[in-house]
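Undergrad: As a plain string of letters, each chain reads:
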Amino acid sequence: MSTPLARTPLASTPLVELDDVSKYYGNIRALEGVSLEVHAGRITCVLGDNGAGKSTLIKIIAGLHTHDGGTFRIDGEETSLSSPREALDRGIATVYQDLAVVPLMPVWRNFFLGSEPTKGVGPFKRLDVELMRETTRAELLRMGIDLRDVDQPIGTLSGGERQCVAIARAVHFGAKVLVLDEPTAALGVKQSGVVLKYVAAARDAGLGVVLITHNPHHAYLVGDRFVLLKRGVMAASHTKDSVTLDELTRQMAGGSELEDLRHELERAPAPSRVGGHDAPPAP
Amino acid sequence: MTATAPPVKKPAGPTGDERLLRTSPLRTLLSRPELGSVVGAVAVFLFFSIVADSFLRASSFGTVLYAASTIGIMAVPVALLMIGGEFDLSAGVMVTSAALISSMFSYQMTANVWVGVAVSLLVTLAIGFFNGVMLTRTKLPSFIITLGTFLMLTGLNLGLTKLISGTVSTRTIADMEGFASARKLFASQLTIGGVDLKITILWWFALVALATWILLRTRFGNWIFAVGGGADAARAVGVPVHRTKIGLYMGVAFCAWVSGQHLLFSFDVVQSGEGVGNELIYIIAAVIGGCLITGGYGSAIGSAVGAFIFGMTSKGIVYAEWNPDWFKFFLGAMLLLATLLNAWVRKRAEATR
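Chains A and W, in that order, give the protein sequences. When the letters of the first sequence are read in order and numbered with my numbering, they come out as residues 1 to 283. When the letters of the second sequence are read in order and numbered with my numbering, they come out as residues 1001 to 1353.
Hints are not guaranteed to be accurate.
Label pairs and their computed distance ranges (CB to CB) [claimed, not checked]:
1. 1276/W <-> 174/A: 25 to 33 Å
2. 79/A <-> 1276/W: 49 to 57 Å
3. 86/A <-> 1174/W: 52 to 60 Å
Computed, partial: chain W to chain A, Cβ under 7 Å [stated by the list, open to error]:
4. 1057
5. 1061
6. 1219
7. 1296
No wet-lab data here; the hints were simulated from the structure. If you're wondering where the values come from, they're calculated on a predicted model, not measured in any experiment. Ideal Cβ positions, reconstructed from N, Cα and C, are used throughout, including at glycine.
Excised from the complex, chain A in its bound form:
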């Protein structure tokens, strides 16, 4: 892999740009004042703890929710997406952690779900099954996934493989922007590595990638930009050369708050009774 900055020069207009975007659910502030840019051939990582607003951010970009404040631009043009279909038509494909595929359906049916190619006319219009199978096989092979049988239910694949199929699908259908929701959560180290490799492959294919994760180690491996969310607001925004992994991890883990907690734990006097038992006498 070449160094991140040696790749294609930054395009003048970002593929997707959020500027001061906010979202409220009733009186709950889910997201406020978040800005980020997605460029072709770059990976923008969104980091945050549980409840930081990552899911809300994805839902806005994926067209599941409409933002309430700020501006959302696609190719420099201000927009407001009303459905996932519209987002797809504008070139934004989202791969969700848990609902990326329909487990009981064969791999090839999943691959083309929602965009099935057909042949024939009128009442004889039918799925082009041969094309679907062959394309699925070829596209997965191109991403380096050598599947034994495209007819097996996708639920029989491992979590990492399923993510890869979903990513390959997005790339095949000409997505310009790929949004990945925690693709490595619930995966082992090796599987995570496999998925991150396909994320990098998608980037090298010229896609703009938004990688949502709470794992700074994974983010730092592939990311070019890092946006940190905390309790619905943007806590920090870095480029790769302006931050180290340690610094990113520290900020991500709560930074100064964690430090305070450590001090408190050290200083706190040991309780004399714990759980109904007398505490052992101090040495």
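Based on the hints, put chain W in the right spot on chain A.
TA: Leaving out everything else, chain W in the frame of chain A:
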């Protein structure tokens, strides 16, 4: 990327992937959703062949197929709906509604019965549309929505019929214009090779073939599996989940219309209280046929085998000269056995892939 990609194996030739052992035909068969029901059908067939002498006669075969077809016509759309992850408890009485509407509209307006038939189609499709829209708008479980429609239709069937005809059944329309031709389409009888076959059998086969084509070879079919197997994932990749479900409910309505017209044109008059309880038999046929009750898996052919088992059992008991009261017991036992067998077969099929 070439540097980071694992060395790609030579693409598999026409012989397939070398890691894939040749799947034996038996194993391929095992992974079909209909398998459990076919085994069950063979068992039921053998059983009644032994205990009932007249069961194997050609004329009995026509009777069994007819009984199967009246259930089978409705089991097809109910199976598709179940694959799509929903139920329709109003399917049974909707058949009666469809028959009542044609009959009463033609009679009251003294119109050609074909006008009544057309009006009935529109109204029945509207009921299906209502079911689908209510379900997708309110997001309540289909059990509740269609239970509501079921009760409302049951009441409307009785109430309106009494209000208009003064009795619980409709007046005969046998002497009205168009009756003969409509009867030909919905309730005639063909004799092939000495066996009398009702035309509903043709309707049934045609619907099974159409549904199988839709399920396996069209985009809509792909969407049916998807909305039943994972509605959120389907929506996320742009499948019109709501329209698919509404379409499925209208499919049930269309078949209820066909069934209803058969009911009307084979008996001239319609009893307004009929149809209650049939919805469960349609569901049973679909489940015996291998449809997963939680959606996402099943087949139209399976529903046909389920209906065939139903036909064989209901008539077989008569041919064996048993008390027909036992029929429900058999049906229940069959449902349990078939479901267990299906679950077991699916588990094995998935484990051995």
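Undergrad: If a hint holds in the structure, say so; if it doesn't, say that too.
TA: Cross-check of the supplied hints:
no. : hint                         : in the structure
1   : 1276/W <-> 174/A: 25 to 33 Å : violated, 53 Å
2   : 79/A <-> 1276/W: 49 to 57 Å  : holds, 53 Å
3   : 86/A <-> 1174/W: 52 to 60 Å  : holds, 56 Å
4   : 1057                         : violated, 39 Å
5   : 1061                         : violated, 32 Å
6   : 1219                         : holds, 5 Å
7   : 1296                         : holds, 4 Å
Consistency note: the structure conflicts with the earlier hints numbered 1, 4, 5.
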